[in-house]
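Q: Sequence:
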Amino acid sequence: MARKMSVMERRKARVRRALRKKVGDRPRLSVFRSHKYIYAQVIDDIEGRTLAAASSNEPEMRKKLKSTGDVAAAQEVGKLIAERAKKAGVDKVVFDRGGYIYHGRVKALAEGAREGGLDF
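Using our numbering, you'd call the opening residue of the sequence shown number 176 and step up by one each time.
Honestly, the hints are just simulated from the structure, not real lab data.
Predicted, not measured: the structure shown is a model, and the values here were computed from it.
Just so you know, even glycine gets a beta-carbon here, dropped at the ideal spot from N, CA and C.
Any given hint could turn out to be false.
[Unchecked claim] Derived lysine to aspartate or glutamate pairs resembling EDC-like cross-links, with alpha carbons at most 16 Å apart:
#: 1; residue 1: K267; residue 2: D219
#: 2; residue 1: K267; residue 2: E286
#: 3; residue 1: K254; residue 2: E222
#: 4; residue 1: K211; residue 2: E233
#: 5; residue 1: K261; residue 2: D219
[Unchecked claim] Ranges of calculated distance between the beta carbons of each label pair, as one might list FRET restraints:
#: 6; residue 1: A188; residue 2: K241; range: 10 to 20 Å
#: 7; residue 1: E235; residue 2: K261; range: 13 to 23 Å
#: 8; residue 1: K267; residue 2: K179; range: 34 to 44 Å
#: 9; residue 1: R178; residue 2: K261; range: 33 to 43 Å
The whole structure should be built from the sequences, with the hints applied where relevant.
A: As structure tokens, this is what we get:
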């Protein structure tokens, strides 16, 4: 029996479909947000592999941050993913907000990545 897609899954699929049409060969900066942490990955969809990843769950980030799930943590994760992406040879990405609204922690991560030197 086919199961219904949740509202979040439909929104995420709609965002990804739009990204594929517009961008083409740029790697994708994907965001996942949980209640306690925030995660970011730079993904090459053509080869199907992750080029760089960062999260607020990493030991050095947990030592550095007061809280791992707030806006300040998201901004630091954005800077860290930008640094790691540049080290992997990626300067231009497309921002994949998933099914999340571009606000709060997602927006802070994007701004941190821009401060770190990623272009999107």
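Q: Give a verdict on every hint.
A: Verification of the hints:
no. : hint                    : in the structure
1   : K267 - D219             : holds, 12 Å
2   : K267 - E286             : holds, 14 Å
3   : K254 - E222             : violated, 25 Å
4   : K211 - E233             : holds, 12 Å
5   : K261 - D219             : holds, 14 Å
6   : A188 - K241: 10 to 20 Å : violated, 35 Å
7   : E235 - K261: 13 to 23 Å : holds, 18 Å
8   : K267 - K179: 34 to 44 Å : holds, 37 Å
9   : R178 - K261: 33 to 43 Å : holds, 40 Å
Hint check: violations occur at hints 3, 6; the rest are consistent with the structure.
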